[in-house]
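Make one complex out of these two single chains by using the hints.
Top line first, the protein sequences correspond to chains A and B.
In terms of my numbering, the first sequence is residues 1 to 321.
In terms of my numbering, the second sequence is residues 1001 to 1264.
Calculated from the structure, these hints are not laboratory results.
Bear in mind the structure is a predicted one, so any value in this text is a computation, not a measurement.
Honestly, I wouldn't trust all of these hints.
What the hints assert, rightly or not - Only pairs whose alpha carbons sit at most 20 angstroms apart, straight line, appear in this in silico SDA-like list of lysine to any residue: (1) K57(A) / K1003(B); (2) K217(A) / S1049(B); (3) K1046(B) / A50(A); (4) K1046(B) / Y292(A); (5) K1003(B) / A50(A); (6) K1003(B) / F52(A); (7) K1161(B) / G1121(B); (8) K1046(B) / D290(A); (9) K1237(B) / P72(A).
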Amino acid sequence: MQIFLGESIAGQSAIGRGMDMNTQITIAGVDFKNPVMTASGTFGSGMEYADFVDLNKLGAVVTKGVASVPWPGNPVPRVAEVYGGMLNAIGLQNPGIDVFLQRDIPFLKQFDTKIIVNVCGKTVEDYVEVVERLGEEPAVSMLEINVSCPNVKEGAIAFGQKTEALYGITREVKRHAKQPVIMKLSPNVADIGEMARAAEAAGADALSMINTITGMKIDIHRRKFALANKTGGLSGPAIKPVAVRMIYQAAQAVKIPIIGMGGIADGEDAVEFLLAGASAVSVGAMNFVDPYTTEKVIRGIEEYLETYHIEDVRELIGAVR
Amino acid sequence: MKKRVSARILSQREMENGIFDLWLNPMEPGFAEAVSPGQFVGVYTKDRSKLLPRPISICEVSGDRSSLRLVYRRGGTNTGTYSLSLLDGQTCGTVDILGPLGNGFPVEKGKGKKTLIIGGGIGIPPLVELSKRLEARNQIVIGYRDRTQTFLARDLEDHGKLFLATEDGSRGTKGNVVDAVRENQLGADIIYACGPMPMLRAVKALAAELKIPAYISLEEHMACGVGACLGCVVKTKEVHPHTNVNNARICTDGPVFEADQVEI
Chain A
1 MQIFLGESIA
11 GQSAIGRGMD
21 MNTQITIAGV
31 DFKNPVMTAS
41 GTFGSGMEYA
51 DFVDLNKLGA
61 VVTKGVASVP
71 WPGNPVPRVA
81 EVYGGMLNAI
91 GLQNPGIDVF
101 LQRDIPFLKQ
111 FDTKIIVNVC
121 GKTVEDYVEV
131 VERLGEEPAV
141 SMLEINVSCP
151 NVKEGAIAFG
161 QKTEALYGIT
171 REVKRHAKQP
181 VIMKLSPNVA
191 DIGEMARAAE
201 AAGADALSMI
211 NTITGMKIDI
221 HRRKFALANK
231 TGGLSGPAIK
241 PVAVRMIYQA
251 AQAVKIPIIG
261 MGGIADGEDA
271 VEFLLAGASA
281 VSVGAMNFVD
291 PYTTEKVIRG
301 IEEYLETYHI
311 EDVRELIGAV
321 R
Chain B
1001 MKKRVSARIL
1011 SQREMENGIF
1021 DLWLNPMEPG
1031 FAEAVSPGQF
1041 VGVYTKDRSK
1051 LLPRPISICE
1061 VSGDRSSLRL
1071 VYRRGGTNTG
1081 TYSLSLLDGQ
1091 TCGTVDILGP
1101 LGNGFPVEKG
1111 KGKKTLIIGG
1121 GIGIPPLVEL
1131 SKRLEARNQI
1141 VIGYRDRTQT
1151 FLARDLEDHG
1161 KLFLATEDGS
1171 RGTKGNVVDA
1181 VRENQLGADI
1191 IYACGPMPML
1201 RAVKALAAEL
1211 KIPAYISLEE
1221 HMACGVGACL
1231 GCVVKTKEVH
1241 PHTNVNNARI
1251 CTDGPVFEAD
1261 QVEI
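So here's chain B without its partners, still in its complex pose (with noise of 0.2 angstroms):
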C-alpha cells in the first residue's frame, strides 16, 4: 500500500555530469519488497518553497529487497519544473519518500520471450529493475546524447545482450534506439520501453511495424502522485473505465501503458 516514509540515505554519488545515484533504505518493512519495475516514489526536497514531491522512477532494488536505488537528473526539464537539486548532494540523514507509484511494466508477460528493452536518456533507470525480472532473451537497446553519458550501460550489461546509439556516433550506432534496432536487425516478441517523448512515439512506431506488443513508460508533470488531481493525463484510444473520458492518469493508470492504447 501506498505510504509516505521515511528513508535512510545509504549513499548519494554523481555518476556523471548531472546524475545522481542515490541508494535509500526505506525505514517501513516490505515497503522496497513491494516495489515492482517501473513504479516510481516521490520524493520531498529539503526546500520549504518547493513543495510537490518528485516524481522519480526506481532503478533497483537491493538484492535483500530492503533498499531502493534512484537515479535522477538534477535540474532536468522532464521531472517537472522542478529545477533545484534533489537533495543538494546530500549524502546521508533521511528523506522522505511516498510510493511505491503508479504501476509497473508487465514482466510476466515478457517470460521466456525474446524481448527488446529500449531507453533513452533519463528514462533509462527503470530498465535495470525491469531487465533483472523478466526472464527473457533481453536484448537491451539505449541511447544517450554522447559518450560521455553512458550511465547505466555496466548496470544493463549484466541482464541482456547491449546495443548502444549516441546521437553523435561517438559510442555504438550513430543515431537514435530505432536507429541501433534496425542496424543491428533486431527482432523480438515484446518491447518494453522508457524515454522522451519523441522516442517513445518512434518506439510505438516501430512495434507496430514489428505487429508485436510494446510497453512504454510516460512521464509528465505530477502534483499529487496518487491519481486525485487529473494534472498528468494522456490521450487514450478508448474512453477510459475511471475517468470516463479519452483520459488516463500517468501517475495511476500508468506510468506503464500499452503503446496503441495511448494518443501520444
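Same shape as in the complex, but just chain A (with noise of 0.2 angstroms):
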C-alpha cells in the first residue's frame, strides 16, 4: 500500500497526479529545494513570520541586512503607502552582528531551510569584519552584500552606483569570504549590465536584484514629506516590470546566476522573473501585505509546472530572450 502524504521532499514535489516535478536549484553551488526565498529587510530573521509560515518550506531565508555594531536607523516616519506599493527608509537599523550570531543564527537553524545572510556596512573594513564573522559560521550558506540600500548616506548605496567601486568592494569581500558572495544591486543606476559585469568580474558567485527604486512622497495636506528621509525605496508590485526589464538586461550581460525580486506577489509573477533570467526569486514587501506570500508563491510556482507539464523547474529559468 501506498501513503500520499502530500509533502515535498528534497524537491520532489507530487503535487499533481502521479507527475515527478523537480524545484530544487543550485546557485554557487549551493542547493535550495525550490527557487523562493526571502528579500532582505521583509522577513526579518525570519522569527516574526515563523507564526505565519512554515519555515521549513522555503528554498532559503534571506536575513535583514547586519552590521559590524548595532545601528539605530532612521528617524520615523520610515514608511509610507503609494499605489501599488509602499516606500521605505528604515535605514539599515540592526542588531548588530554579535546579537544575530547568538540570537538570530541559533534560531534559523533549527529549520531545515538554507540561510543567507545579507551584509551592510559603512567601509569597506566594516563588510570585512561581518563578513569574516560570518565565516566562523558553517549554518550561513551565502552572503548577500548589500551595496544598494538608498536610506543611509554613508557605505551601502555608494558602494553600487559606480563600477570601480563596485568592483573594488566585491573583490575585497571575495577576498575574505568563506562562503558564495551574492552582491545586491541596485537599479538606481544608468547601465544594469555593466554594473552586473563589474560584479561577475570581480569574482561575484551570484547577483540579487533589484533593491528599491528611489521614491519620495509629499502629504499634500501637511506639505510635508511623508518621511523624514525625504526619499525612501519603492517596493511592491509598482516596481515589478522595472525588476523584470533590469532582471533581463542584467542576466543578457552575465553568466552568474542571479536572484529575482521586486513586486512578486504570487507564483504568476515568479515565473515572470524564472522567465526573464532569474535562477530563483525573493518574496519582499508583499510579506507585509499578506505574511503567508512566501508559501503561496511556491505553490504557484508547483501549479504553473503542473499545469504546462514542465517537470523541472529550471527550464524556465531565462527561458524567454
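What follows is the structure, encoded as C-alpha cells:
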C-alpha cells in the first residue's frame, strides 16, 4: 500500500497525480529545495513570520542586513504607502553581528532551509569584518552584500552606483569570504548590464536584484515629506516591470546566476522573473501585505509547472529571450 | 496566535461625521476571545491599489466574546498615509483582518486601584474595552475638538466616572484632557492613555508630576504590523533587548509602553 503524504521531499514535489516534478535549484554550488527566498529586510530573521509560514518550506531565508555594530536606523516616519506599493527609509536598523550570531542564527538553524545573510557596512572594513565573522558560522550558506540601500548616507549605495566602487568592494569581500557571495544590485543606475559585469568580473558568485527604487512622497495636506528621510525606496507590485526588465538585461550581460525580486506577489509573478533570467526569486514587500505570500508563491510555481507539464523548474530560467 | 482571517461584517454605521462604527465576527474560533484591550488588527481594504493592512485598535469585544468592534476615522491622517475609506461604508459581506496584534494595556496592574483613563480623539476607542475590563475605580477623561464629536462618551460612561474636555469649551472643561484632570482635581494610582502625540507627552509629564506610572498607547506609520519591517519604532530610554538599540517596535513591543520608558 502506498501512503500519499502530500509533502515535498527534497525538491521532489508530488502535487500532480503521479507527476514527478523538480523544484530544486543550485546557485554557486548551494542547493535550494525550491527557488523561493525572502528579500532582505522584509522578513527579519524569520522569527516574526514563523507564526504564519513553515520556514522549512522555503528555499532560503535571506536575513535583514547586519553590520559590525548595532545601527539605530532613521527617524520616523520610515514608511509610507503609495499606489501599488510602499516607500521605506528604515536606514538599515540592525542589532549588530554579535546579537545576530547569538540569537538569530541559532533560531534559523532549527529549520530545514538555507540561510543567506545580508551584510551592510559604512566602509569596506565594516563589510569585511562582518564577512569574516560569518565565515566562522557554517550554518550560513551564502552572503548577500548590500551595496544598494538607498536610505543611508554612508556606505551601502555609495558602493553600488559606480562600476569601479562595485568592483573594488566585490573583490575585497571575495578575498575574505568563506561562503559564496551574492552582490545585491541597485536599480538606481544608468546601465544595469555594466554593473552586473563589474560584479562578475570581480568574482561575485551571484547577483540579486532589484533593491528598491528611490522615490518620494509629499503629504499635500501637511505640506511635508511623507518620510522623515525625504526619499525612500519604492517596493511592491508597482516596481515589478522595472525589475523584470533589469533582470533580463543583467542576465544577458553575465553568466553568474541572478536572484530576482521586485513586487512578487504570487507564483505567476515568480515564473515571470524566472523566464526573464532569474535562477531564484525573493518575496519582499508582499510579506508585509500578506504574511503567507512565500508559501503561496511556492505553491503557485508548482501549479504552473503542473499546468504546463514542465518537469523541472530549471527549464524556465531565462527561457524567454 | 496571530492569523489572517476572514470576518463577517455584522454592521457598519457612521456614528458621527467621518467616524465609523464597525462590528466584525472573525470566522476563526477563539480569535475575538483572545483579544486584550489595547491590541489592534490589520484590516485589508477592498481597494487593490492600497495593499497594506490598516492598523486599527480594537474598541470592544462583544459580551459573548465572539465579535469585535472597531471605531475608526475615515481618512484619518494618523492611521498612516491611508487616504481612502476603509470599506467604503460596506455594511455586509466579509473583510480580512490580521491579528490580534501588539500587546495591550496591563489590566492587572490597575486592579483595585484608582485609575485615570485618558483619551483624545481617535485614540479613545481602545479605552472602551480597557475600562470595561479594569476592576478598578475608573476616572475617564476624554477630549474632543468640540461638542459635535463626542463619540463613545456614552459607552465609557458605563465603566467609570466620566470627564469631558473640548478645545472650544462647548462641552466639559475648555481645553485639553490634562486641563480637565486639573480642573476636577483628579488624583490616581495609575494612568492609562491613548491619543495624539501632544496629548501623550502631556500625560507623560502629568504622570511624572504625580509620581505614578502611566501606560500609553502609541501609533506610527506601519507596514507589516508583526515586527519584521522596523517601520514603526519609538525611541526608548534603555537599549531594547530585541533591537539592541534605543528603539522599540510599536507594533510588536507596544503599542502600549510605560511612559517613562519611551522618548516621545
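- Task: Quickly compare the C-alpha distance for K1046(B) and D290(A) to 20 angstroms and report which way the hint goes.
- Result: holds, 14 angstroms
- Pair hint outcome, K57(A) versus K1003(B) [Cα-Cα no greater than 20 angstroms]: Between K57(A) and K1003(B) the Cα gap is close to 18 angstroms, so the pair holds against 20 angstroms.
- Query: When you check the alpha-carbon spacing of K1003(B) and A50(A), does it fall within 20 angstroms?
  - Reply: The hint holds at about 11 angstroms.
- Between K1237(B) and P72(A), is the straight-line Cα distance small enough, at 20 angstroms or below? With Cα atoms ~13 angstroms apart, K1237(B) and P72(A) stay inside 20 angstroms; holds.
- Message: What's the verdict on K1003(B) and F52(A), does the C-alpha distance respect the 20 angstroms limit or exceed it?
- Response: holds, 7 angstroms
- Query: Given the hint that K1046(B) pairs with Y292(A), does the C-alpha gap stay at or below 20 angstroms?
  - Reply: holds, 18 angstroms
- Decide if the proposed pair is consistent with the structure: K1046(B) and A50(A), CA atoms, cutoff 20 angstroms inclusive. violated, 27 angstroms
- Message: Can you confirm whether the C-alpha distance between K1161(B) and G1121(B) stays at or below 20 angstroms?
- Response: Holds: K1161(B) and G1121(B) sit about 18 angstroms apart, inside 20 angstroms.
- Proposed proximity, S1049(B) with K217(A) (alpha carbon, max 20 angstroms): Measuring from Cα to Cα gives roughly 16 angstroms; hence the hint holds.
Hint check: a violation occurs at hint 3 only; the rest are consistent with the structure.
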